[in-house]
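Assemble the whole structure, with the sequences as input and the hints as a guide.
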Amino acid sequence: MTSGSIIVFQTAFPQDALHFMNQTPSAPKLLHSLPWYLFIGATLVFVAACLAKPGAWLWADMVWLILAAINLHLINSQIYGLKTARRWLLIVIACAFATGVINTQTGVVLGHVRFHKTFGSGLLGVPAGWLLLWVVLIFSARSIASWVLPRSTYFKVVLFTAALVMTTILNVLPLAVVQRNWWTVLAQESASGIRLWPWLIWLIIPAALAFCLREPSIQKPSDQRRGAIILILFNLCALLSRVG
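Counting from -2, one number per residue, gives the positions in the sequence shown under my numbering.
The hints are simulated quantities; they were obtained by calculation from the structure and are not laboratory data. You may find that some hints are simply not true.
Said to hold, decoys possible - Simulated DEER-style distance windows between Cβ atoms:
hint, residue 1, residue 2, range
1, Gly104, Leu146, 34 to 42 Å
2, Pro51, Gln75, 34 to 42 Å
3, Ala45, Trp194, 18 to 26 Å
Unchecked claim - Straight-line alpha carbon distances no greater than 25 Å define the calculated SDA-like cross-link-like pairs of lysine to any residue that follow:
hint, residue 1, residue 2
4, Lys114, Val182
5, Lys114, Ala91
6, Lys114, Ala57
7, Lys50, Leu183
8, Lys114, Leu170
9, Lys153, Trp196
10, Lys80, Ile90
Note that the Cβ used here is the ideal one computed from N, Cα and C, for glycine as well.
This is the structure we're talking about:
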């Protein structure tokens, strides 16, 4: 193209127009962020349900858990790749399912717990909500640990993840058992009246899972912050439920 042709081309198409033509369409970016926007909307409904009378808007619980799990899976896919994210998801779901089956059949893992239909349909007495709960707890707690301790040893990240999961369960238990009726804790057999074993399990199993979900590098710490927000919001909803 000659210089005269270039001048005519630039005159006919100003730089602003050329820049607009070269821009990446915003639609894919919007679709990419759509699950997060839906999750924020579901969080507002979930907060309203927690502030309402016990048992109100029970459908909001499953919607929130599903969208939270979807976003955490997408975050892992963006950071570590789809193959790794799928492997991690299967590991957590398999462990949660095995724990649920053993617990409902024998009560030796987390004590005698009976799940209710409000926690979703399931298989062998283990509801879908139980599996989603583990996905949210493990991946979101791991996001916080990786964000807060980016240069620490992985052993510290594992312990911090497990501690966050146990602390969250301690905070969420009144919401799950009383306000939202996800499950019922049956007979508590203990001479001292305090059963420490279930809480140790809530520390040991998440630590073992976090250790299995090891990946050498983190490329997008901003996505870790988004995953951390999910666990923070979950704890906030549990606290607000005691006010409602």
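Subject >> Hint check against the structure, violated hint numbers in rising order >> reply: Number 3 only.
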